[in-house]
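Enquirer: Listed here are the chains, written in short residue letters.
Protein chains: 2
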Amino acid sequence: METILYNGVFYTLDEAYQSCSAMAIKNGVIIALGSDEEILQLKSEETNLINLEGKFVLPGFIDSHMHFLGVAQQADLVDLTSVKSFEEASEKCIEKIKELNDTSKWVFATGFNQDYWENKVIPTRKDLDKISEEYPIVMRRACGHVSVCNTKGLEVLGLLHEVESETKYELGFYEDGTPNGFLLETTQGLYLNAQPEPTFEELQRMIINCANYAASKGITEIQTDDFIMNLEDAGKGMMKLYKFLASTDQLPIRIYQQCSLREEETLDEFLSNGNCTGDEYGLYKIGPLKLMADGSLGAHTAWMRKPYMNDPETCGASNMTDEKMYTLMKRAHDAGMQIATHCIGDAALEQTINMYDRIQKENPRVDCRHGIVHCQIMDKELQDRFKKQNVLAYVQPIFLKSDMNIVDDCVGEEIAKQSYNWRRFCDLGVHQSGGSDCPVEPFDILPNLEYAVTRTNPDTGKSWYKENAVTIQEAIKMFTYEGAYASFSENVRGTLSVGKYADLVVLDENLLEIPAEQIHNVDVLMTMVNGKIVFKKN
Amino acid sequence: METILYNGVFYTLDEAYQSCSAMAIKNGVIIALGSDEEILQLKSEETNLINLEGKFVLPGFIDSHMHFLGVAQQADLVDLTSVKSFEEASEKCIEKIKELNDTSKWVFATGFNQDYWENKVIPTRKDLDKISEEYPIVMRRACGHVSVCNTKGLEVLGLLHEVESETKYELGFYEDGTPNGFLLETTQGLYLNAQPEPTFEELQRMIINCANYAASKGITEIQTDDFIMNLEDAGKGMMKLYKFLASTDQLPIRIYQQCSLREEETLDEFLSNGNCTGDEYGLYKIGPLKLMADGSLGAHTAWMRKPYMNDPETCGASNMTDEKMYTLMKRAHDAGMQIATHCIGDAALEQTINMYDRIQKENPRVDCRHGIVHCQIMDKELQDRFKKQNVLAYVQPIFLKSDMNIVDDCVGEEIAKQSYNWRRFCDLGVHQSGGSDCPVEPFDILPNLEYAVTRTNPDTGKSWYKENAVTIQEAIKMFTYEGAYASFSENVRGTLSVGKYADLVVLDENLLEIPAEQIHNVDVLMTMVNGKIVFKKN
Chain A
1 METILYNGVF YTLDEAYQSC SAMAIKNGVI IALGSDEEIL QLKSEETNLI
51 NLEGKFVLPG FIDSHMHFLG VAQQADLVDL TSVKSFEEAS EKCIEKIKEL
101 NDTSKWVFAT GFNQDYWENK VIPTRKDLDK ISEEYPIVMR RACGHVSVCN
151 TKGLEVLGLL HEVESETKYE LGFYEDGTPN GFLLETTQGL YLNAQPEPTF
201 EELQRMIINC ANYAASKGIT EIQTDDFIMN LEDAGKGMMK LYKFLASTDQ
251 LPIRIYQQCS LREEETLDEF LSNGNCTGDE YGLYKIGPLK LMADGSLGAH
301 TAWMRKPYMN DPETCGASNM TDEKMYTLMK RAHDAGMQIA THCIGDAALE
351 QTINMYDRIQ KENPRVDCRH GIVHCQIMDK ELQDRFKKQN VLAYVQPIFL
401 KSDMNIVDDC VGEEIAKQSY NWRRFCDLGV HQSGGSDCPV EPFDILPNLE
451 YAVTRTNPDT GKSWYKENAV TIQEAIKMFT YEGAYASFSE NVRGTLSVGK
501 YADLVVLDEN LLEIPAEQIH NVDVLMTMVN GKIVFKKN
Chain B
1 METILYNGVF YTLDEAYQSC SAMAIKNGVI IALGSDEEIL QLKSEETNLI
51 NLEGKFVLPG FIDSHMHFLG VAQQADLVDL TSVKSFEEAS EKCIEKIKEL
101 NDTSKWVFAT GFNQDYWENK VIPTRKDLDK ISEEYPIVMR RACGHVSVCN
151 TKGLEVLGLL HEVESETKYE LGFYEDGTPN GFLLETTQGL YLNAQPEPTF
201 EELQRMIINC ANYAASKGIT EIQTDDFIMN LEDAGKGMMK LYKFLASTDQ
251 LPIRIYQQCS LREEETLDEF LSNGNCTGDE YGLYKIGPLK LMADGSLGAH
301 TAWMRKPYMN DPETCGASNM TDEKMYTLMK RAHDAGMQIA THCIGDAALE
351 QTINMYDRIQ KENPRVDCRH GIVHCQIMDK ELQDRFKKQN VLAYVQPIFL
401 KSDMNIVDDC VGEEIAKQSY NWRRFCDLGV HQSGGSDCPV EPFDILPNLE
451 YAVTRTNPDT GKSWYKENAV TIQEAIKMFT YEGAYASFSE NVRGTLSVGK
501 YADLVVLDEN LLEIPAEQIH NVDVLMTMVN GKIVFKKN
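Keeping their order, the protein sequence lines are chains A and B.
Residue numbers for the first sequence follow our numbering, beginning at 1 and rising by one.
Residue numbers for the second sequence follow our numbering, beginning at 1 and rising by one.
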């Protein structure tokens, strides 16, 4: 036997393999599970024997929605995810400016969330000018739906003289009609395009670093939406990069590609190049068409059926007309693609779920596994439709950390208590997988498991509709088996079973035994993909 | 909507679809499940509305092991399955002789089981000579492992002057060393080959008739081992026939081919023609390599680890050396085939399960779903190995009808109570599907469900180790979901779920509510495959 793990506590998620303490692995496949006594009999001289020292083993975590390239690039950026004020953010930018020492380069800061600041106001252009008037600066909010530029930044982008009544861009404006520096939604592409393009080699390095980071968090598969990097190349750049990394065996973890193809032309090009859900290239696999039906809650761009209670002028914004959504979905569905659509507001959910119904009724397909990413604001009736149409839910429990402070104000208690209701998705038998949505939230599964179970902020002790929580067993299933289900791989991954790939994580605590509020402190000791150790704690 | 079924009681086997009374279907796919009120809203002028009148609906039955061509041909043969004595069998043959009126033709009778006769002795050549000395006569036992010829039959086959000590055939002999007319195992091929070959058109007619009969029994998929018809053509004849029927839309039900390829040459030819498990041609799909590790219990050819207690001279017979089994299995496994092996005795089970272990350890493959057909004589340790190696069990509950009378005598109570232990397979979490093994037993699922639950002969009231019975829910799962699992189709069939094919059966009683001993009397009212009605009771 190639590898034997023994003296562990295995939580396999497979009823056929209960109370196991050891596992034998060969060629990446689980060959046997059982007691130490049984499994150690398979030992030979060549066997790599690993003593788990009584630690807890479970299937590798699967992050069913995030933006991998964004995370990878972020490592090179000014990280604002943990700053507590605009002043602190400014200091970090000033440090970066000293490092850059070249006014043609951008100060690119990302991950701020003013909801965590004392002064809960998004800074504007003039605030950023206090940091520098020479360097172009942009600060991207954690949600990814809004960024702020300073005056120099707007100038470089040619947006400084935009006028509210005439602009074709999605910008924010001061009361006097001049730009306040906000770039909304796809308009953010302008400054992304203004950055010097990373070279293929730089991207490779960033991706590999980030994949190794994922492995250190016990993550063995990510489902990532990152075609957005270059919206016009129909995914060719990202696919080339990932395929190269997979074929040269440089990927430590599996990647399932959520393909953001938001225009007919790019989708057609993608399909006519012969791409489809399920195409596999080693550890890299093509996933669903990824669409966006609306924006974010924090930016009030999530599309609601009723106006925001704390912002009655707006219902948020639809990202696509019915006609455009139909055209894209119909084409993908008929070509055999899976579809996953970002929906946060109930109007977006309703639009998308109606459209899934329509394309499926027009051309009934078996086992297509279309899904909705986020599934935040909803009522029971909308939630029931996931079951009725067999639509997958992709949820991010960690969102509660921030959203528990704003949802009641946005939609009122009546809707809020029906929203983010993972308990009921479980009870309905809906396929519900879990994700981090990193870089919106940290690239870490354990805090997600904790929020799924406690619905409580461990720092403040504040809870939110705890009756909608799931059990730790259900939470683990969301980030393992259901993730595998979402990538059509539950028959070969997602549980620890004989005849599946040895994708697993070893933790220093038994998640089924420790108090739920300690889950976020649990350490990852080892991660294995295809029977290969891709992370081991020193 | 194309078709709506309403006013039914649906047992979907999918926790997401509980308490449904109606279903909408389009293009063969289940589009919606719910209440009458919900589903009838989808009605249009073109809708085929079907009132189920409160009847019980469940996923179509899947028969995971049988011999379809054998059943089809049997309809043209003298049917001895229900005769109660040799005299009655003789009368039926005499009737056939009058019909034939041509001494060059064979009287081919099949399906007898002397265990049900008052005089529980297999007749010999001289008994059959009393029926006719002019016509060649053969009587095949229900198990298919032994047949008896009369003198004229042996003469036509050139076997009359065989001598016990020198023969290369598997024959039975009288004490004086002359043939007693028994043809064992593959030697039966001699008289099969002596029959005039049915034409392609005759075969078509037989198959279609038989498939319609299956549909009338609520069967929507059969998994059939019938390459044996012509052992030397590497399945080409049968595949050609089934593919033709599938491509011309003449198959009312699905066929999953268990490929009996018992020699290296035929297996190699099959593989080098590009065939593999999973190849699909409409309703016809290529299944596992099907091998035979031993014979039958009734004929004492099932291969045991210890001698038969009631026949201490023999342990039965192994059908393959380890070397031959290894060669065939290794080749199939490495080529990506699934494997299913007939094993009745514990020695055969042990040989096969050891070999699965060996080929998997040499070349670990994910999700290969190798299995063992029959799984009769075993102890707990052998049974545990199904779980440990994730091997599928294919069982035939109806076998108890006959075997409950002989197993204790053959192997003793200690082993008998561990054998046919479907309860424990369920408890272990082993994938266990159900089959009829027709024509060995009748082509009918309901009596199988009853035996799985009652382990009691409804005619005699005799039970056998009732503690090894399963629940009706588990029994139904064996003949629906687990059958689909065995043919790699559980994601598109095997439960009634939105986004799966509409393969279903309507019964006139609710299996979950009636006393189990009435199950065999339940009537099939309607059968649907791919949303098309393939049987409806007048």
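Calculated from the structure, these hints are not laboratory results.
In this text, all values refer to a predicted model and were calculated from it rather than measured experimentally.
Check each hint, because a few of them may be wrong.
[Stated by the list, open to error] When the alpha-carbon atoms are kept at most 25 Å apart in a straight line, the in silico DSS-like pairs for lysine-lysine are as follows: (1) K55(A) <-> K84(A); (2) K120(A) <-> K98(A); (3) K55(B) <-> K462(B); (4) K532(A) <-> K361(B); (5) K532(B) <-> K243(B); (6) K388(B) <-> K388(A); (7) K55(B) <-> K361(B); (8) K462(A) <-> K120(A); (9) K324(B) <-> K236(B); (10) K105(A) <-> K55(A); (11) K462(B) <-> K120(B); (12) K380(A) <-> K240(A); (13) K43(A) <-> K388(B); (14) K388(A) <-> K55(A); (15) K43(B) <-> K330(A); (16) K361(A) <-> K43(B); (17) K43(A) <-> K330(B); (18) K361(B) <-> K120(B); (19) K55(A) <-> K388(B); (20) K388(B) <-> K532(A); (21) K380(B) <-> K361(B); (22) K330(B) <-> K361(B); (23) K120(A) <-> K130(A); (24) K43(A) <-> K361(B); (25) K532(B) <-> K388(A); (26) K43(A) <-> K361(A); (27) K361(A) <-> K417(A); (28) K532(B) <-> K361(A); (29) K417(B) <-> K217(B); (30) K417(B) <-> K306(B); (31) K306(B) <-> K324(B); (32) K43(B) <-> K388(A); (33) K126(B) <-> K84(B).
Enquirer: Going through the numbered hints above, which ones does this structure break? Give me the numbers in ascending order.
Expert: Violated: hints 1, 2, 3, 6, 7, 10, 12, 14, 18, 26, 27 and 29.
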